[in-house]
Amino acid sequence: TINIILVIDGNLPPETMTRALVTCTEAKTAALQELMAGSNYSRGIATGSGTDGTIIVCNSKSKIKLTNAGKHSKLGELIGVAVKKAVKEALFLQTGLCAESQHSMLKRVKRFGIDENKIWNKYEEIYCGYLSEENKEQLAKPEFIHNLHIIDRREDLVILTSLYVHIMDQLDWGLLSSSEAINGANEILNRILEKFNIENSLIKIFKLDYSKDKSVEEVVEIIVDRFILIMAQISGGIKNV
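Using the working numbering, the first residue of the sequence shown is number 1, and each one after it goes up by one.
Please note that a few of the clues may not be correct.
[Claimed, not checked] Here are the computed lysine-lysine pairs in the BS3-like style, where the Cα-Cα straight-line distance is at most 27 Å: (1) Lys-118 <-> Lys-85; (2) Lys-74 <-> Lys-84; (3) Lys-118 <-> Lys-84; (4) Lys-71 <-> Lys-136; (5) Lys-88 <-> Lys-107; (6) Lys-214 <-> Lys-118; (7) Lys-110 <-> Lys-84; (8) Lys-118 <-> Lys-107; (9) Lys-110 <-> Lys-88; (10) Lys-84 <-> Lys-71; (11) Lys-107 <-> Lys-141; (12) Lys-107 <-> Lys-212; (13) Lys-110 <-> Lys-85; (14) Lys-136 <-> Lys-118; (15) Lys-195 <-> Lys-214.
Honestly, the hints are just simulated from the structure, not real lab data. What you are looking at is a predicted structure, and each value in this text was computed from that prediction instead of being measured.
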């Protein structure tokens, strides 16, 4: 919940108060988007919560009458700057949400349903399907999660993951076709494999396939699954398969 109390020491007519509310809401949304805060109700970026509230107070006795609170006005600019700064500070104090905490591969993909357990489950699937027959020792879950946390904040991985996630966003928004999204995802996965010096990968077995009859949901599911696969391989220390 984000509750905002905005006090303006000026005389604002009702229509300006209404416009100030719009500007205030836009600034709150901008703060959340700049922090890449994920929605709890979709795989998109959060715009707020269902219980947010805003109170705007003005001074009806003030000699200063302000008639415009749009973003192109000085009042609108001040509202935007103040609200965005206050929302970010409040989110940090309440939940620890900030740029530093969001500099994480796991945080970037969380809104697409990717978490530690899903990556671990994929590793177990890989081990049972390909590695057990080669008598390779399976990592215990604590050791696997430890490895995952080590790579979680690597600069190169966070950057590439951000690009990977944005491909899925643009696919959802209709700005990329399914084939374009899959080709782009493949390029990024190959870059990640190169970063970790993995030459022979399961990604060559589970190729990112594309069929024109696949829906956006199915394509996103494919892209998400391949990312989980690569993170499981890297965290499991699997160099060659």
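Structure-based check of all given hints:
1. For the suggested pair Lys-118 and Lys-85, the alpha carbons sit about 35 Å apart, so the restraint of at most 27 Å is broken.
2. A distance of roughly 15 Å separates the Cα atoms of Lys-74 and Lys-84; the hinted pair therefore holds under the 27 Å criterion.
3. Taking the CA atoms of Lys-118 and Lys-84, the gap is near 34 Å; set against the 27 Å cutoff, the hint is violated.
4. With a C-alpha separation of about 61 Å, the suggested pair Lys-71 and Lys-136 falls outside the 27 Å cut-off, and the hint is violated.
5. For the proposed pair Lys-88 and Lys-107, the alpha carbon gap of about 17 Å is at most 27 Å, so the pair holds.
6. About 23 Å separates the Cα atoms of Lys-214 and Lys-118, which keeps this hinted pair within 27 Å; it holds.
7. The hinted pair formed by Lys-110 and Lys-84 meets the criterion: a straight-line CA distance of about 24 Å does not exceed 27 Å.
8. Using a Cα cut-off of 27 Å, the hinted pair Lys-118 and Lys-107 holds, with the two alpha carbons roughly 14 Å apart.
9. This hinted pair checks out: Lys-110 and Lys-88 have alpha carbons roughly 20 Å apart, not beyond 27 Å.
10. Distance hint between Lys-84 and Lys-71 is fulfilled; the C-alpha atoms sit about 13 Å from each other, no more than 27 Å.
11. For the proposed pair Lys-107 and Lys-141, the alpha carbon gap of about 20 Å is at most 27 Å, so the pair holds.
12. Using a Cα cut-off of 27 Å, the hinted pair Lys-107 and Lys-212 is violated, with the two alpha carbons roughly 31 Å apart.
13. A distance of roughly 25 Å separates the Cα atoms of Lys-110 and Lys-85; the hinted pair therefore holds under the 27 Å criterion.
14. Between Lys-136 and Lys-118, the direct Cα distance comes to roughly 21 Å. Compliance with the 27 Å bound is thereby established for this hinted pair.
15. For the hint linking Lys-195 to Lys-214, the alpha-carbon distance of about 31 Å lies beyond 27 Å, and the restraint is violated.
Against the hints set out earlier in the document, violations occur for numbers 1, 3, 4, 12, 15.
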